[in-house]
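A.B. asks: Residue-level listing of the chains:
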Amino acid sequence: MSDGILQGVKDKALPVLAVVALIILGWYALSVALNWAQVSERLVKDGGAPGVADIVKGTWSMERPVLPSPDQVAVEFAKTTFGVKVTAKKSLVYHATVTASATLVSFALGALLGILLAIGIVHVQTLDRSLMPWVIASQTVPILAIAPMIIVVLGNIGITGLVPKSIISMYLCFFPVTIGMVKGLRSPDPMELDLMRSYNASQAQVFWKLRLPASVPFLFASLKVAVAISLTGAIVGELPTGASAGLGARLLSGSYYGQTVQIWSALFMAAILGATLVYGIGGIERLVLGRAGQSASARS
Amino acid sequence: MSAFDVVIDVRNLGLTFETPDAPVHALQDINLNIRHGEFVTFIGPSGCGKTTLMRIIADLEQPTSGVVTVNGVSPREARLKRAYGYIFQAAALYPWRNIQKNVELPHEIMGVSKAERAEKALRYLDLVGLKGFEKKFPFQLSGGMQQRASIARALSFDPDLLLMDEPFGALDEITRDRMNEELLRIWAKTKKTVIFVTHSIDEAVLLSTRIVIMSARPGRIIDVIDSNLPVERNLETRESPAAQELAHRIRLGLKAGHSYDEVK
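Chains as they are written, first to last, in the numbering used here: chain A, 1 to 300; chain B, 1001 to 1264.
None of these hints come from the bench; they were simulated from the model.
Even glycine gets a Cβ: it sits at the ideal position worked out from N, Cα and C.
Just so you know, not all the hints are guaranteed correct.
[As the list claims (entries may be wrong)] Heads up, incomplete: computed chain A residues facing chain B, CB under 7 angstroms, no partners named:
hint : residue
1    : E192
2    : L195
3    : A201
[Unchecked claim] From the derived model, a few chain A residues whose C-beta atoms are all more than 12 angstroms from chain B:
hint : residue
4    : D46
5    : A74
6    : K85
7    : I146
8    : I150
9    : R286
[Unchecked claim] Not close to chain A: a few residues of chain B, all C-beta gaps over 10 angstroms, as computed:
hint : residue
10   : V1006
11   : N1012
12   : E1038
13   : G1047
14   : Q1089
15   : S1113
16   : A1242
Bound conformation, chain B alone (with noise of 0.2 angstroms):
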């Protein structure tokens, strides 16, 4: 592993709120290193920090002590350069824009032509199988496809980084499953560098080459685990052993984590 190869790199940061009462530790003593290409999801319970280190590396949010770097700049800078598409757990479609505008926006933000953002815009609705949609209004789609639109429109600019904050979070779990699978089609199509955050343990198997488990109070990182499963990946490689063993061993550490807060 190149120093070139590190897309993310995060040094004791730490990330602590003054409140009245006593200071609340968000994030304490993170180290992580993402490489270019890696699919690594963030896991662990409510307040265990997972959005809010991925609001860091997207300068959404600022941390209080600790470096981080992406692209080997700082997340201001890497944001500025328009480093990362962000897609939230809301789609996040502005209703008075049509599908097609609202995957333009972020080129119109950037001052691209016309022409051009509306070639890129049909071209990735197609990617994540919204053609014929574009001229359809968010309240007219399904809660899945709102959020294949958002995919659609993090893709359009072509960022290195995709940014996940349980995207599915709000979906049913039959829509869910549909659209891990076409989240790892669109992936190994793009080949991007992906920063999942998620609750669902079948999900982090199923999607990540590395899973970083995070616990809360404080928010910090319980154990980071590669996954042995092979890189071709479908609903059914769920079922496997060596899935099973992972889906295992994650909830083992999410355990320790749970145990160890209540031991506090």
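With the rest of the complex left out, here is chain A (with noise of 0.2 angstroms):
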């Protein structure tokens, strides 16, 4: 029994492990060659003659280098997230709380306006016609030149804070939620809908009893994906508002003072957080998909 775990763990930790520590060292490896240069003419001013290992050393322990090393990282975020209390200015756990809140409603707005836009499209054919364009469309506009445009107008009769944070990054995620919608309310097949008109069934019948369970395996698919970019959008809406609080701030302010090691370990905690979502989403869509006996695979 203890055997067969010890064999999982083998099988499944050690391939991973082996990739973590492939990344580490490439790490450690592009920390000295870009970080070389700066440290060997430093030291080089100071008078003397540096030897290799004299340089190596030096790169990883920069106070402001171009490529932190792992370790620097590392001390640095723990340092800011278990070293200092959670509601300091300090603390990675609060601007993660302030960007997470931020994330969580524009995710919940996103996903309604998202579900809501599909839902019309879907029954409405002018709605098909003349909305779907107007949804791709939005998306190729950069968020980066609207951004700043939906802070200065909301900022403008008095809304700051949370809201516009929130409506830049919905912005972003209802698109993926309205296209995998749209599939998702459309992928019964002809056979499943002539049923339900043999039953004489009402559009909202097949609505409730047809499309939407359907749809439910397509829509925890793009809900990940909506998760995921809400936290992307939430961040660069904190970019413009002046940077006081949140990821987004942690990240300006380090560039503001080359501050590369706050940067990383600011980056480590927004990819710790969006991992967090997105496994929390994957978590519901078992909870939801397995009562219901249907694998996500189990319709294509």
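Using the hints, build the complex out of the two chains.
C.D. replies: Okay, here's the thing in structure tokens:
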């Protein structure tokens, strides 16, 4: 029994650990290469003929490196995550919470908007023809161009903080939900639709008893994309707000002051937050589809 | 035969699809009467319009000419009154519903109470031999069992008319034989009028009281054969001289349609 578990760990964990080790090694090598010039220049300036070992050591412990070493990022990450009170301005947890709340609000709004648009597009032919081009066009405009305008316009009418950020992020994340839901709501085959017709079912009944349940696997696939995008959106939305709080603010102030170590630890926090959100959606998906006895691959 | 007895009356029916090159005559000059309690089989090669004809009767397709009445009214009115249960080539069970919930679907749409829905579902699942499988999901059942569930679903709201569109076409021959026997048993028990579409001469011989032979391009009826087999039947009935004779006649009919097609 325990042998089996050990074997399982060996089979699954080993490849993952090997890849992680390779990435870390490569990272160390890159930070040597990228920081080399600065370090050697400084050591020469200080007088002396630095050896290779000295320079390499120097590249992994600079205060403002081009690329910080993994251990520098890990130390900074641990210090700002566990070393300070979570309410402190220096705490990454505090900033992550700010960004996460904007992400969740915008995700909820975006998913709702996406679903409503999809329902409209599937049921009203005029909407299908007239709305879809706009939905697609909306995504071709760079969010970085629109974000400051939304902040300014809403700021002018006295709305600041969470709402503008969420709107920017919602603008990004409704799109995959609309596309996925339109596909999902149209996924019932002609036979399944004919069956409803033979029972003389109303359009509402067809929607609730056929189209909506059939769309659920599609919905979850697009929700996973949407939640990741809405995190990106929330971070982008924080950039033009003057950067007071949130992971985006951390990134911005890091780049103002050349604090690359701070930038990288904020990036890691964002990655962890993103992964948590996506896995969270995956967990809900398993709960919902598992109960219905339907795996995500049961329909295609 | 009184006029009241006629369940389906098809007169001068035609369906033409307009295509860029030339109009396609899916059905032409179809005339057919089906009486109460008959088991009528439409047999013919692919493209002869047998499924289309049944879909017109079910108001799932519209003819371009001619008149169809079902129980004396138009197919649309008949559909609105839920006059028929339709059984498709595939079971078309909804994968997120368990078997019982699938069988309850028509009653759910008609707004029947929960208790009555469950009672009917269990009764008809029992009839098709699926007792004990109520809580299983479709993917947990074999193809034959899924098709049984779909038959239970069609029977559950007790329509007078069953429209079966190659229901066993996707099953292996052994399962198909068993399903044919089951169907004979169910038909004897429920006394429904059945229209059955098939490619299989064996199936047509075993099941039908009347066989409608159709041919393609244009889709039309070539011959209508009354079966002289006894009402009480089982798989062995197919071996009897009468059945052999009937199969021969069907084969000749299909051949006639085919050669006609070739001279064209």
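A.B. asks: Which numbered conditions among the earlier hints are violated in the structure presented, ordered from lowest to highest?
C.D. replies: 14
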